[in-house]
Amino acid sequence: MQGTETDESVIRRYLLGELPEQEQTAVEARYFLDDAFFEQLVAAEKELIGKYLRGELGSEDHERFQRRYLTVGYRRKMVESAKELLLSGAARPALTAGAPSRTSWWKRLLGR
Amino acid sequence: MPTRKRIEITFETHRTIVVHERRRSRTRKPRAYKDFDGPQPAQDNTEPHTNFAPQVVASADTAITRRDWGLTEQSLNRLLEYLDPDREQAGYKYEMIRRKLIKFFEHRGSVWPEDQADETINRVARKIQDGQDIWVNDPAAYFYGVGRNVLRDQWRNAERPIPLECLPLAEHPATCHVEIDPDEAERRELERSLEQLEILLSTLPEETRELITGYYSGEKTGRIDNRRALAGRFGIPVNALRIRAYRIRERLKGDLAEMLQSV
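So the protein sequences, as listed, match chains A and B. Using the working numbering, read the first sequence as starting at 7 and increasing by one per residue. Using the working numbering, read the second sequence as starting at 177 and increasing by one per residue.
No lab work stands behind these hints, which were simulated from the structure alone. Quick reminder that beta carbons are idealized off the backbone N, C-alpha and C, glycines included. Please note: incorrect hints may appear among the correct ones.
Unchecked claim - With a straight-line Cα cutoff of 25 Å, these simulated BS3-like cross-link-like pairs (lysine-lysine) come out:
| no. | chain 1 | residue 1 | chain 2 | residue 2 |
| --- | --- | --- | --- | --- |
| 1 | A | 89 | A | 57 |
| 2 | A | 89 | A | 52 |
| 3 | A | 83 | A | 57 |
| 4 | B | 279 | A | 57 |
| 5 | B | 429 | A | 83 |
| 6 | A | 89 | B | 429 |
| 7 | A | 89 | B | 279 |
| 8 | B | 279 | A | 83 |
| 9 | B | 279 | A | 52 |
| 10 | A | 83 | A | 52 |
| 11 | B | 279 | B | 303 |
Stated by the list, open to error - Taking beta-carbon pairs under 7 Å as the criterion, some of the chain A residues facing chain B (in silico):
| no. | residue |
| --- | --- |
| 12 | 41 |
| 13 | 73 |
| 14 | 76 |
| 15 | 80 |
Said to hold, decoys possible - Facing chain A, from chain B, some residues (calculated, C-beta under 10 Å):
| no. | residue |
| --- | --- |
| 16 | 314 |
| 17 | 317 |
| 18 | 375 |
| 19 | 427 |
Full structure from sequences and hints, please.
Dropping the structure here:
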């Protein structure tokens, strides 16, 4: 972890999966020992999700967020829950019903 | 099967923590070696309380019936004593540690972070009950270390196989033989899907990625030989490898569909 980097920046990079393993471990070890730092991280995550849902993230962070939060079921559910709260009382955007068949790309991938 | 008993910690705030009753998704297949019955425990991942005076409500002296070691009332009390001689503080620390463990497992890509957190706490409680010395200044650091071991074990045993004959025929893993329509629009969609798939694959743990890519590499008989070799490398039967690959593939398909909807 860089000495001059702020906690806010480190937490953001941790949440977006940008930290190398050693720094990631350092962050985790720290929030296990420091309750205040942990609460800061939790709050930062909520804020990050909120920014994503409001479209306030830059393009790079937007992409990182999607890779990080929309590819893992548990984190995806966090985002969905936050989205539900954000949209409560408003019409939900129409979602494509069902998952499109991806067997064709899988077949193509296997053929590589 | 004996009735499973829950251990409950009730605080003066009238909130109750039900400990170590595994949370199971309805879509999750039960493991081959056990099922969990009984009601699901209350979700308990919120902010810590300000007043803790835990009283163990259940009087069970028998371990939760599990193939693995289970938390008993006695071991739970010893765990709380280890965390802090003050009962109220011990309860607060317990909740904080559990929250941190869940967050840790979430960010490490665990599919069941709460289960993993409970498993971590179980292991620590077992060590305390067994009288093992724990030489750390802060118990939370020890939980973190054990949590890392749990995570490592999770990835090592990523997909617990169940016998193939237990699966309905429709769920038997099989290679898809659908031909691709060379339509231009579908080709573009396919390219996009592959790009997203590469992203998904890069987020997988190395072992899982190696399994799924190795399983589908090669052509015809070469693929068969690959799979035998892969099974040997992972130390599992080919059937078990097939089931693991199938589950990983299904999860990837679901995640990919979600990604494509959101992009």
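Consistency of the hints with the structure:
1. A:89 with A:57: Holds: residue 89 of chain A and residue 57 of chain A sit about 11 Å apart, inside 25 Å.
2. A:89 with A:52: holds, 11 Å
3. A:83 with A:57: Cα-Cα ~16 Å, so holds.
4. B:279 with A:57: With Cα atoms ~20 Å apart, residue 279 of chain B and residue 57 of chain A stay inside 25 Å; holds.
5. B:429 with A:83: holds, 17 Å
6. A:89 with B:429: holds, 23 Å
7. A:89 with B:279: holds, 20 Å
8. B:279 with A:83: Holds, at roughly 14 Å.
9. B:279 with A:52: holds, 13 Å
10. A:83 with A:52: holds, 13 Å
11. B:279 with B:303: Roughly 23 Å between the alpha carbons, so the hint for residue 279 of chain B and residue 303 of chain B holds.
12. 41: holds, 6 Å
13. 73: Holds, about 5 Å.
14. 76: holds, 5 Å
15. 80: holds, 6 Å
16. 314: Interface hint status for residue 314 of chain B: holds (6 Å vs cutoff 10 Å).
17. 317: With Cβ-Cβ at 6 Å, under 10 Å, it holds.
18. 375: Since chain A brings a Cβ to about 5 Å from residue 375 of chain B, closer than 10 Å, the hint holds.
19. 427: holds, 8 Å
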